[in-house]
Amino acid sequence: MRGLLARSALGAPVLAALALSALPARADGPRAAAADPWFGDDKARHFCASIALAGGGYALGSLATNDVRQRLALGAALALGAGLAKEAFDAAGHGTPSARDLVWDVLGTSAGLGLSLWFDLGATPIQF
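Heads up: the sequence shown runs through residues -27 to -1, 1 to 101, numbered per mature numbering (1 follows the signal peptide of the UniProt record, and there is no 0).
Label-pair restraints from in silico Cβ distances: (1) GLY95 / ARG42: 13 to 23 Å; (2) GLY87 / PHE12: 16 to 26 Å; (3) GLY13 / ASP40: 35 to 45 Å; (4) TRP91 / HIS67: 34 to 44 Å; (5) GLY95 / THR38: 17 to 27 Å; (6) ASP93 / ASP63: 32 to 42 Å; (7) LEU36 / GLY87: 12 to 22 Å; (8) TRP91 / PHE12: 23 to 33 Å; (9) GLY29 / ALA65: 22 to 32 Å; (10) ASN39 / ASP15: 29 to 39 Å; (11) GLY66 / VAL41: 33 to 43 Å; (12) GLY66 / ALA96: 44 to 54 Å.
Derived by calculation from the structure, the hints in this document are not laboratory data. Beta carbons: idealized from backbone N, C-alpha and C, even for Gly.
Full structure from sequences and hints, please.
Below, the structure is given as structure tokens:
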């Protein structure tokens, strides 16, 4: 079960990254950058959703394994997989894809995993 969990936890982000790499790149210039500010309202949504998904993935991983690395991998796969899927959906013509959204997804994932690890290690009694 542990090997299967580790493989599946990393499979979704890798497949999403491969799908996004096949999309054509665009250089829209300064106008596109002005329309997509770093601190826009949608960036806060990406950050908060990634925190929630990473924390939820870590919590689900704790039900399946005691290995902290696999818990972190599952949380990261869930949050980053969702972020990459959202940007792929946008790139398919249903929205405006943004690398800045992905940056906020990565920051939120890191924060969610950091908080999850902090809570997990804080709740674990220290044995002497």
